[in-house]
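> Sequence:
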Amino acid sequence: MTHDLVVFVPGVMGSVLCDGDGRDVWNLSLGVGGRLATGIEGFFDRLALPPGLGDAAPDGPYALTPARLLREPRIYPGLLPHVAYRELTRHLGELAEGRVAVFPYDWRLSNRHSAALLKEFVGRELQRWREQRRAAGDEEEPRVVLVCHSMGGLVARYYLEVLGGRETARTLVTIGTPYAGAVKAVRILTGTLSGRKLLGIGTRLREALVTAARTMPSVHQLLPTYQCVTGHPAGTRLDAVPVPDLDTAMVDDAFALRRELDEAVRRNTAEDLLAGRPAPYRVFASGGKGEPTDIALSLPAGVITYADRFEDRDRWQGDGTVPCLSATPPEWEDGARVDWFRLGHTALPNDALLHRQLYDRYEALDHRPYQMLGTGFGIDVPEAAAAGTPLPVTAVSEEPGLLLQARLVSPDSGKTIERRRLVPDGDGGYSATFSPPPGVWMVEATTAHATAAPVQREAVLVLD
1 MTHDLVVFVP GVMGSVLCDG DGRDVWNLSL GVGGRLATGI EGFFDRLALP
51 PGLGDAAPDG PYALTPARLL REPRIYPGLL PHVAYRELTR HLGELAEGRV
101 AVFPYDWRLS NRHSAALLKE FVGRELQRWR EQRRAAGDEE EPRVVLVCHS
151 MGGLVARYYL EVLGGRETAR TLVTIGTPYA GAVKAVRILT GTLSGRKLLG
201 IGTRLREALV TAARTMPSVH QLLPTYQCVT GHPAGTRLDA VPVPDLDTAM
251 VDDAFALRRE LDEAVRRNTA EDLLAGRPAP YRVFASGGKG EPTDIALSLP
301 AGVITYADRF EDRDRWQGDG TVPCLSATPP EWEDGARVDW FRLGHTALPN
351 DALLHRQLYD RYEALDHRPY QMLGTGFGID VPEAAAAGTP LPVTAVSEEP
401 GLLLQARLVS PDSGKTIERR RLVPDGDGGY SATFSPPPGV WMVEATTAHA
451 TAAPVQREAV LVLD
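Residue 1 is where the sequence shown starts when you use the UniProt record's numbering, and the numbers rise one by one after that.
Hints listed in this document are in silico derivations from the structure and should not be mistaken for laboratory results.
One thing to keep in mind: the hints can contain errors.
[To be verified] Once the Cα atoms are required to be at most 25 Å apart in a straight line, the calculated DMTMM-like pairs of lysine to aspartate or glutamate come out as:
{"hint": "1", "residue 1": "415", "residue 2": "87"}
{"hint": "2", "residue 1": "119", "residue 2": "167"}
{"hint": "3", "residue 1": "415", "residue 2": "399"}
{"hint": "4", "residue 1": "119", "residue 2": "131"}
{"hint": "5", "residue 1": "119", "residue 2": "207"}
{"hint": "6", "residue 1": "119", "residue 2": "271"}
{"hint": "7", "residue 1": "415", "residue 2": "398"}
{"hint": "8", "residue 1": "119", "residue 2": "97"}
{"hint": "9", "residue 1": "415", "residue 2": "72"}
{"hint": "10", "residue 1": "119", "residue 2": "272"}
{"hint": "11", "residue 1": "119", "residue 2": "263"}
{"hint": "12", "residue 1": "119", "residue 2": "333"}
{"hint": "13", "residue 1": "119", "residue 2": "363"}
{"hint": "14", "residue 1": "415", "residue 2": "464"}
{"hint": "15", "residue 1": "119", "residue 2": "262"}
{"hint": "16", "residue 1": "415", "residue 2": "444"}
{"hint": "17", "residue 1": "119", "residue 2": "331"}
{"hint": "18", "residue 1": "119", "residue 2": "55"}
{"hint": "19", "residue 1": "119", "residue 2": "260"}
Turn these sequences into a full structure, and let the hints guide you.
Below, the structure written as C-alpha coordinates:
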(Lines of atoms letter the chains of each structure in order from A and count residues from 1; the text may use other names and numbers.)
(Lines give C-alpha, C1' and ligand atoms only; values in the text may rest on other atoms or scores of the structure.)
Protein backbone atom coordinates (compact mmCIF):
# COMPACT_ATOMS: atom_id res chain seq x y z
CA MET A 1 0.00 0.00 0.00
CA THR A 2 1.27 3.45 -0.90
CA HIS A 3 0.95 4.79 2.64
CA ASP A 4 2.86 2.01 4.45
CA LEU A 5 6.21 2.57 6.17
CA VAL A 6 9.15 0.88 4.39
CA VAL A 7 11.91 -0.40 6.71
CA PHE A 8 15.17 -1.66 5.20
CA VAL A 9 17.19 -4.15 7.26
CA PRO A 10 20.69 -4.73 5.80
CA GLY A 11 22.63 -7.96 6.02
CA VAL A 12 25.90 -9.05 7.57
CA MET A 13 28.54 -6.34 7.01
CA GLY A 14 25.81 -4.00 5.73
CA SER A 15 26.21 -1.36 8.47
CA VAL A 16 29.22 0.88 9.07
CA LEU A 17 30.56 0.36 12.62
CA CYS A 18 32.28 3.19 14.51
CA ASP A 19 34.20 3.40 17.77
CA GLY A 20 33.50 5.82 20.62
CA ASP A 21 35.33 8.61 18.79
CA GLY A 22 33.19 8.17 15.68
CA ARG A 23 35.94 6.51 13.64
CA ASP A 24 34.94 3.95 11.04
CA VAL A 25 36.87 0.98 12.42
CA TRP A 26 37.36 -1.11 9.32
CA ASN A 27 37.45 1.07 6.23
CA LEU A 28 40.13 -0.66 4.16
CA SER A 29 40.18 1.72 1.20
CA LEU A 30 43.53 3.19 0.18
CA GLY A 31 42.11 6.64 0.81
CA VAL A 32 41.99 6.12 4.58
CA GLY A 33 45.39 6.98 5.96
CA GLY A 34 47.42 4.42 4.03
CA ARG A 35 46.03 1.61 6.16
CA LEU A 36 46.85 -1.12 3.69
CA ALA A 37 50.50 -0.15 3.78
CA THR A 38 50.71 -0.77 7.52
CA GLY A 39 48.89 -4.10 7.57
CA ILE A 40 45.22 -4.79 8.15
CA GLU A 41 45.19 -7.62 10.71
CA GLY A 42 44.48 -5.09 13.46
CA PHE A 43 41.31 -3.91 11.77
CA PHE A 44 39.80 -7.37 11.95
CA ASP A 45 41.04 -7.73 15.54
CA ARG A 46 39.04 -4.57 16.27
CA LEU A 47 35.87 -6.40 15.21
CA ALA A 48 36.40 -9.24 17.70
CA LEU A 49 34.01 -9.73 20.63
CA PRO A 50 34.61 -11.05 24.17
CA PRO A 51 34.00 -14.77 24.81
CA GLY A 52 30.66 -16.00 26.12
CA LEU A 53 28.69 -12.96 24.94
CA GLY A 54 25.60 -14.96 23.94
CA ASP A 55 22.65 -12.72 23.08
CA ALA A 56 23.98 -9.69 24.99
CA ALA A 57 25.67 -6.51 23.78
CA PRO A 58 29.36 -5.89 24.55
CA ASP A 59 30.67 -2.92 26.47
CA GLY A 60 34.00 -1.15 26.85
CA PRO A 61 36.43 -1.45 23.94
CA TYR A 62 34.30 -4.15 22.27
CA ALA A 63 31.29 -1.85 21.84
CA LEU A 64 30.83 -0.34 18.39
CA THR A 65 28.09 1.96 17.12
CA PRO A 66 26.21 1.18 13.90
CA ALA A 67 26.47 4.56 12.18
CA ARG A 68 24.82 4.19 8.80
CA LEU A 69 24.08 1.96 5.86
CA LEU A 70 27.12 0.74 3.89
CA ARG A 71 27.53 2.83 0.73
CA GLU A 72 31.03 1.85 -0.39
CA PRO A 73 32.48 -1.63 -1.05
CA ARG A 74 33.87 -3.50 1.95
CA ILE A 75 35.43 -6.94 2.10
CA TYR A 76 35.85 -9.43 4.91
CA PRO A 77 37.97 -11.97 3.01
CA GLY A 78 36.63 -15.47 3.47
CA LEU A 79 33.28 -14.24 4.78
CA LEU A 80 31.87 -11.81 2.23
CA PRO A 81 32.85 -9.26 -0.42
CA HIS A 82 30.18 -6.55 -0.14
CA VAL A 83 29.55 -4.19 -3.06
CA ALA A 84 27.46 -1.97 -0.71
CA TYR A 85 24.00 -0.45 -1.18
CA ARG A 86 24.57 2.56 -3.44
CA GLU A 87 21.92 1.76 -6.06
CA LEU A 88 19.47 0.53 -3.42
CA THR A 89 19.94 3.78 -1.49
CA ARG A 90 19.07 5.76 -4.61
CA HIS A 91 16.00 3.59 -5.17
CA LEU A 92 14.73 4.05 -1.62
CA GLY A 93 15.37 7.78 -1.90
CA GLU A 94 12.74 7.97 -4.65
CA LEU A 95 9.93 7.11 -2.22
CA ALA A 96 7.95 9.76 -0.36
CA GLU A 97 9.86 11.84 2.17
CA GLY A 98 9.82 10.20 5.59
CA ARG A 99 8.41 6.93 4.28
CA VAL A 100 11.68 4.96 4.43
CA ALA A 101 13.47 4.03 7.66
CA VAL A 102 16.88 2.31 7.48
CA PHE A 103 17.88 0.12 10.43
CA PRO A 104 21.69 -0.09 10.77
CA TYR A 105 22.78 -2.56 13.44
CA ASP A 106 25.90 -4.24 14.83
CA TRP A 107 25.96 -7.27 12.54
CA ARG A 108 28.51 -9.07 14.75
CA LEU A 109 25.95 -9.65 17.51
CA SER A 110 23.30 -12.33 18.00
CA ASN A 111 20.29 -12.06 15.71
CA ARG A 112 18.05 -12.29 18.78
CA HIS A 113 19.65 -9.14 20.17
CA SER A 114 19.37 -7.32 16.84
CA ALA A 115 15.71 -8.36 16.52
CA ALA A 116 14.91 -6.82 19.92
CA LEU A 117 16.50 -3.54 18.77
CA LEU A 118 14.55 -3.75 15.51
CA LYS A 119 11.31 -4.02 17.51
CA GLU A 120 12.10 -0.77 19.33
CA PHE A 121 13.16 0.92 16.08
CA VAL A 122 10.02 -0.06 14.16
CA GLY A 123 7.81 1.04 17.05
CA ARG A 124 9.34 4.53 17.02
CA GLU A 125 9.42 4.92 13.25
CA LEU A 126 5.88 3.62 12.71
CA GLN A 127 4.52 6.04 15.30
CA ARG A 128 6.36 8.90 13.58
CA TRP A 129 5.07 7.90 10.14
CA ARG A 130 1.48 7.46 11.34
CA GLU A 131 1.52 10.93 12.85
CA GLN A 132 2.89 12.33 9.58
CA ARG A 133 0.16 10.59 7.56
CA ARG A 134 -2.60 11.75 9.89
CA ALA A 135 -1.32 15.32 9.59
CA ALA A 136 -1.57 14.92 5.80
CA GLY A 137 -5.22 13.81 6.09
CA ASP A 138 -4.67 10.07 5.55
CA GLU A 139 -7.31 8.20 7.54
CA GLU A 140 -5.92 4.72 6.81
CA GLU A 141 -3.61 3.17 9.40
CA PRO A 142 -0.17 2.53 7.88
CA ARG A 143 1.51 -0.80 8.49
CA VAL A 144 5.10 -1.89 7.85
CA VAL A 145 6.81 -3.30 4.75
CA LEU A 146 10.10 -4.90 5.78
CA VAL A 147 12.69 -5.16 3.00
CA CYS A 148 15.63 -7.28 4.16
CA HIS A 149 18.91 -8.31 2.61
CA SER A 150 20.82 -11.44 3.64
CA MET A 151 20.99 -11.96 7.42
CA GLY A 152 18.65 -9.00 7.87
CA GLY A 153 15.84 -11.35 6.90
CA LEU A 154 16.63 -13.57 9.90
CA VAL A 155 16.61 -10.55 12.20
CA ALA A 156 13.25 -9.42 10.80
CA ARG A 157 11.74 -12.91 10.91
CA TYR A 158 12.62 -13.25 14.60
CA TYR A 159 11.10 -9.82 15.28
CA LEU A 160 7.92 -10.73 13.38
CA GLU A 161 7.27 -14.26 14.60
CA VAL A 162 8.86 -14.39 18.07
CA LEU A 163 8.67 -10.78 19.28
CA GLY A 164 5.18 -9.94 18.03
CA GLY A 165 6.03 -7.70 15.09
CA ARG A 166 3.61 -9.53 12.79
CA GLU A 167 0.70 -7.54 14.20
CA THR A 168 1.79 -4.30 12.48
CA ALA A 169 3.45 -5.81 9.39
CA ARG A 170 1.94 -5.97 5.92
CA THR A 171 4.81 -7.45 3.92
CA LEU A 172 8.18 -9.15 4.41
CA VAL A 173 10.54 -9.08 1.43
CA THR A 174 13.73 -11.11 1.76
CA ILE A 175 16.62 -10.75 -0.68
CA GLY A 176 19.19 -13.55 -0.50
CA THR A 177 18.24 -14.39 3.10
CA PRO A 178 19.91 -17.62 4.34
CA TYR A 179 16.85 -19.07 6.10
CA ALA A 180 18.73 -22.36 6.54
CA GLY A 181 22.24 -20.93 6.77
CA ALA A 182 25.21 -21.13 4.42
CA VAL A 183 28.11 -23.57 4.15
CA LYS A 184 30.39 -20.57 3.61
CA ALA A 185 30.07 -19.88 7.37
CA VAL A 186 31.77 -23.24 8.00
CA ARG A 187 34.77 -22.11 5.95
CA ILE A 188 35.44 -18.92 7.93
CA LEU A 189 34.78 -20.53 11.33
CA THR A 190 37.03 -23.55 10.70
CA GLY A 191 39.75 -21.66 8.84
CA THR A 192 39.31 -23.81 5.73
CA LEU A 193 39.33 -20.76 3.48
CA SER A 194 39.32 -21.13 -0.28
CA GLY A 195 42.75 -20.72 -1.82
CA ARG A 196 41.01 -19.81 -5.07
CA LYS A 197 39.32 -16.87 -3.31
CA LEU A 198 42.32 -15.67 -1.26
CA LEU A 199 45.28 -15.42 -3.60
CA GLY A 200 48.68 -14.97 -1.99
CA ILE A 201 47.18 -13.98 1.38
CA GLY A 202 49.56 -14.64 4.28
CA THR A 203 49.01 -16.76 7.38
CA ARG A 204 48.79 -13.82 9.81
CA LEU A 205 45.88 -12.23 8.00
CA ARG A 206 44.10 -15.56 7.57
CA GLU A 207 44.41 -16.21 11.31
CA ALA A 208 43.10 -12.72 12.12
CA LEU A 209 40.08 -13.23 9.86
CA VAL A 210 39.20 -16.58 11.43
CA THR A 211 39.88 -15.51 15.02
CA ALA A 212 37.61 -12.46 14.78
CA ALA A 213 34.79 -14.40 13.07
CA ARG A 214 34.84 -17.09 15.77
CA THR A 215 33.90 -14.47 18.38
CA MET A 216 30.77 -13.34 16.50
CA PRO A 217 27.46 -14.99 17.49
CA SER A 218 25.85 -13.86 14.23
CA VAL A 219 28.35 -15.74 12.04
CA HIS A 220 27.67 -18.95 13.97
CA GLN A 221 23.94 -18.37 13.52
CA LEU A 222 24.59 -18.46 9.76
CA LEU A 223 25.79 -22.08 9.94
CA PRO A 224 23.76 -24.38 7.67
CA THR A 225 20.90 -26.16 9.43
CA TYR A 226 19.85 -28.18 6.38
CA GLN A 227 21.29 -31.60 5.51
CA CYS A 228 24.61 -30.37 4.17
CA VAL A 229 26.93 -33.24 5.23
CA THR A 230 27.43 -36.10 2.80
CA GLY A 231 28.96 -39.54 3.24
CA HIS A 232 29.23 -39.51 7.05
CA PRO A 233 27.94 -42.40 9.22
CA ALA A 234 26.88 -40.08 12.07
CA GLY A 235 24.33 -38.19 10.00
CA THR A 236 23.75 -35.43 7.50
CA ARG A 237 23.50 -32.31 9.71
CA LEU A 238 26.11 -30.30 11.58
CA ASP A 239 24.41 -30.93 14.94
CA ALA A 240 25.00 -34.66 14.45
CA VAL A 241 28.44 -34.68 12.84
CA PRO A 242 31.48 -33.29 14.72
CA VAL A 243 33.43 -30.93 12.48
CA PRO A 244 37.05 -30.06 13.38
CA ASP A 245 37.45 -26.52 14.84
CA LEU A 246 33.70 -25.88 14.89
CA ASP A 247 32.40 -24.87 18.35
CA THR A 248 29.77 -27.46 19.34
CA ALA A 249 27.92 -25.07 21.65
CA MET A 250 27.65 -22.46 18.90
CA VAL A 251 26.45 -25.09 16.43
CA ASP A 252 23.74 -26.01 18.94
CA ASP A 253 22.77 -22.33 19.22
CA ALA A 254 22.39 -22.04 15.44
CA PHE A 255 20.02 -25.01 15.43
CA ALA A 256 18.18 -23.68 18.50
CA LEU A 257 17.56 -20.39 16.69
CA ARG A 258 16.25 -22.27 13.64
CA ARG A 259 13.90 -24.36 15.81
CA GLU A 260 12.72 -21.27 17.67
CA LEU A 261 11.81 -19.56 14.41
CA ASP A 262 10.20 -22.61 12.82
CA GLU A 263 8.12 -23.38 15.90
CA ALA A 264 6.95 -19.76 16.16
CA VAL A 265 5.88 -19.75 12.50
CA ARG A 266 3.94 -23.02 12.95
CA ARG A 267 2.31 -21.82 16.18
CA ASN A 268 1.30 -18.45 14.76
CA THR A 269 0.00 -19.99 11.53
CA ALA A 270 -2.09 -22.51 13.49
CA GLU A 271 -3.57 -19.73 15.62
CA ASP A 272 -4.50 -17.76 12.49
CA LEU A 273 -6.23 -20.81 11.00
CA LEU A 274 -8.09 -21.60 14.22
CA ALA A 275 -9.34 -18.01 14.42
CA GLY A 276 -10.38 -18.07 10.76
CA ARG A 277 -8.22 -15.07 9.86
CA PRO A 278 -5.63 -14.65 7.12
CA ALA A 279 -1.95 -14.28 7.92
CA PRO A 280 -1.31 -10.64 8.91
CA TYR A 281 1.54 -10.20 6.42
CA ARG A 282 2.72 -11.64 3.13
CA VAL A 283 6.18 -13.03 2.38
CA PHE A 284 8.07 -12.46 -0.86
CA ALA A 285 11.52 -13.94 -1.44
CA SER A 286 14.18 -13.18 -4.04
CA GLY A 287 17.46 -15.03 -4.49
CA GLY A 288 20.43 -15.48 -6.77
CA LYS A 289 21.43 -18.55 -8.72
CA GLY A 290 24.04 -19.54 -11.23
CA GLU A 291 27.07 -18.56 -9.11
CA PRO A 292 29.64 -21.04 -7.69
CA THR A 293 28.28 -21.60 -4.16
CA ASP A 294 29.41 -23.97 -1.41
CA ILE A 295 26.33 -26.10 -0.79
CA ALA A 296 27.57 -29.31 0.86
CA LEU A 297 30.59 -30.71 2.70
CA SER A 298 32.13 -34.06 3.52
CA LEU A 299 34.79 -35.21 5.97
CA PRO A 300 36.97 -37.88 4.36
CA ALA A 301 39.65 -38.82 6.92
CA GLY A 302 38.51 -35.88 9.07
CA VAL A 303 39.43 -33.28 6.44
CA ILE A 304 36.67 -30.88 5.40
CA THR A 305 35.94 -31.01 1.67
CA TYR A 306 33.42 -28.70 0.01
CA ALA A 307 31.11 -29.17 -2.99
CA ASP A 308 29.41 -26.45 -5.03
CA ARG A 309 26.56 -28.66 -6.23
CA PHE A 310 24.61 -31.72 -5.18
CA GLU A 311 25.48 -35.00 -6.87
CA ASP A 312 22.21 -35.07 -8.84
CA ARG A 313 22.57 -31.49 -10.10
CA ASP A 314 24.88 -30.23 -12.85
CA ARG A 315 24.34 -26.50 -12.27
CA TRP A 316 25.39 -24.08 -9.56
CA GLN A 317 22.52 -23.56 -7.15
CA GLY A 318 23.24 -20.30 -5.33
CA ASP A 319 24.38 -16.67 -5.35
CA GLY A 320 28.01 -17.31 -4.38
CA THR A 321 27.17 -17.22 -0.66
CA VAL A 322 23.63 -18.52 -0.06
CA PRO A 323 22.42 -21.72 -1.78
CA CYS A 324 19.00 -21.64 -3.44
CA LEU A 325 17.46 -24.09 -0.99
CA SER A 326 18.40 -21.77 1.89
CA ALA A 327 17.13 -18.60 0.17
CA THR A 328 13.68 -20.25 0.12
CA PRO A 329 11.51 -19.83 3.25
CA PRO A 330 11.52 -23.23 4.99
CA GLU A 331 7.72 -23.47 5.10
CA TRP A 332 7.62 -23.31 1.28
CA GLU A 333 7.79 -26.75 -0.29
CA ASP A 334 10.16 -25.66 -3.09
CA GLY A 335 11.70 -22.65 -4.78
CA ALA A 336 9.01 -22.16 -7.42
CA ARG A 337 7.64 -19.08 -5.65
CA VAL A 338 11.02 -17.39 -5.30
CA ASP A 339 12.01 -14.67 -7.77
CA TRP A 340 15.41 -15.85 -9.02
CA PHE A 341 18.06 -13.57 -10.49
CA ARG A 342 21.39 -14.32 -12.18
CA LEU A 343 23.18 -12.19 -9.60
CA GLY A 344 25.69 -12.53 -6.77
CA HIS A 345 24.78 -12.15 -3.11
CA THR A 346 25.51 -8.45 -2.59
CA ALA A 347 24.68 -7.44 -6.17
CA LEU A 348 21.07 -8.60 -5.66
CA PRO A 349 19.74 -5.62 -3.66
CA ASN A 350 21.28 -3.15 -6.14
CA ASP A 351 19.64 -4.55 -9.26
CA ALA A 352 17.30 -2.25 -11.22
CA LEU A 353 14.92 -5.06 -12.15
CA LEU A 354 14.63 -6.12 -8.53
CA HIS A 355 13.90 -2.49 -7.62
CA ARG A 356 11.00 -2.52 -10.08
CA GLN A 357 9.67 -5.61 -8.34
CA LEU A 358 10.06 -3.90 -4.97
CA TYR A 359 7.79 -1.11 -6.21
CA ASP A 360 5.15 -3.80 -6.69
CA ARG A 361 5.56 -4.76 -3.04
CA TYR A 362 5.28 -1.16 -1.85
CA GLU A 363 2.47 -0.14 -4.19
CA ALA A 364 0.61 -3.47 -4.51
CA LEU A 365 0.88 -3.40 -8.29
CA ASP A 366 0.88 -6.44 -10.56
CA HIS A 367 4.55 -7.37 -10.81
CA ARG A 368 4.22 -10.00 -13.54
CA PRO A 369 5.35 -7.68 -16.38
CA TYR A 370 8.67 -7.30 -14.62
CA GLN A 371 9.55 -10.98 -14.23
CA MET A 372 12.98 -11.88 -15.55
CA LEU A 373 13.14 -14.09 -18.61
CA GLY A 374 15.90 -15.15 -20.96
CA THR A 375 19.60 -15.81 -20.77
CA GLY A 376 21.91 -14.43 -18.10
CA PHE A 377 25.39 -15.09 -16.78
CA GLY A 378 27.17 -15.30 -13.45
CA ILE A 379 30.70 -14.24 -12.52
CA ASP A 380 33.27 -15.60 -10.09
CA VAL A 381 35.96 -13.29 -8.66
CA PRO A 382 38.43 -13.85 -5.78
CA GLU A 383 37.52 -11.90 -2.65
CA ALA A 384 41.11 -10.92 -1.86
CA ALA A 385 44.48 -11.23 -3.56
CA ALA A 386 48.05 -10.08 -3.08
CA ALA A 387 49.34 -7.39 -5.43
CA GLY A 388 51.29 -8.88 -8.31
CA THR A 389 49.18 -12.05 -8.27
CA PRO A 390 47.19 -12.53 -11.49
CA LEU A 391 43.50 -12.01 -10.73
CA PRO A 392 41.26 -14.46 -12.62
CA VAL A 393 37.72 -13.42 -13.51
CA THR A 394 35.48 -16.21 -14.78
CA ALA A 395 31.89 -16.27 -15.99
CA VAL A 396 29.40 -19.00 -16.77
CA SER A 397 26.22 -18.98 -18.84
CA GLU A 398 23.80 -21.39 -20.46
CA GLU A 399 24.57 -19.47 -23.68
CA PRO A 400 28.02 -20.40 -25.04
CA GLY A 401 28.17 -17.49 -27.53
CA LEU A 402 27.87 -14.36 -25.41
CA LEU A 403 30.18 -11.40 -26.03
CA LEU A 404 31.35 -10.59 -22.50
CA GLN A 405 33.51 -7.63 -21.49
CA ALA A 406 34.94 -7.03 -18.01
CA ARG A 407 36.56 -3.96 -16.52
CA LEU A 408 38.28 -3.06 -13.26
CA VAL A 409 36.73 0.09 -11.80
CA SER A 410 37.58 2.40 -8.90
CA PRO A 411 34.46 2.52 -6.68
CA ASP A 412 35.41 6.04 -5.59
CA SER A 413 36.05 7.77 -8.92
CA GLY A 414 34.30 5.40 -11.33
CA LYS A 415 37.48 5.37 -13.45
CA THR A 416 38.26 2.22 -15.43
CA ILE A 417 41.85 1.11 -14.87
CA GLU A 418 41.80 -2.13 -16.87
CA ARG A 419 39.48 -3.68 -19.45
CA ARG A 420 39.44 -7.23 -20.80
CA ARG A 421 37.33 -9.43 -23.04
CA LEU A 422 36.20 -12.65 -21.33
CA VAL A 423 37.30 -15.42 -23.67
CA PRO A 424 34.76 -18.24 -24.18
CA ASP A 425 35.76 -21.88 -23.81
CA GLY A 426 32.93 -23.09 -26.06
CA ASP A 427 31.04 -24.78 -23.23
CA GLY A 428 29.44 -21.82 -21.46
CA GLY A 429 32.58 -20.75 -19.60
CA TYR A 430 34.43 -17.44 -20.04
CA SER A 431 37.63 -16.12 -18.48
CA ALA A 432 40.10 -13.24 -18.33
CA THR A 433 43.00 -12.22 -16.07
CA PHE A 434 43.61 -8.80 -14.51
CA SER A 435 46.64 -7.24 -12.76
CA PRO A 436 45.16 -4.71 -10.31
CA PRO A 437 47.22 -2.50 -7.96
CA PRO A 438 46.53 -2.51 -4.19
CA GLY A 439 43.11 -1.25 -3.12
CA VAL A 440 39.42 -2.10 -3.14
CA TRP A 441 38.20 -2.51 -6.72
CA MET A 442 34.96 -3.31 -8.48
CA VAL A 443 34.93 -5.92 -11.24
CA GLU A 444 32.12 -5.18 -13.70
CA ALA A 445 31.16 -7.62 -16.45
CA THR A 446 28.70 -6.69 -19.19
CA THR A 447 27.11 -8.02 -22.35
CA ALA A 448 24.72 -6.44 -24.78
CA HIS A 449 23.11 -9.77 -25.64
CA ALA A 450 21.84 -11.11 -22.30
CA THR A 451 18.11 -10.53 -21.79
CA ALA A 452 18.46 -10.88 -18.02
CA ALA A 453 20.98 -9.25 -15.66
CA PRO A 454 23.18 -7.72 -18.42
CA VAL A 455 25.58 -6.30 -15.80
CA GLN A 456 27.30 -8.23 -13.00
CA ARG A 457 29.47 -6.65 -10.29
CA GLU A 458 31.75 -8.01 -7.57
CA ALA A 459 34.25 -6.34 -5.22
CA VAL A 460 37.84 -7.49 -4.65
CA LEU A 461 40.49 -6.47 -2.12
CA VAL A 462 44.10 -6.32 -3.38
CA LEU A 463 46.76 -6.16 -0.68
CA ASP A 464 50.21 -4.61 -1.00
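> Where does the structure disagree with the numbered hints, that is, which hint numbers, in rising order?
Those not satisfied are hints 3, 5, 7, 12.
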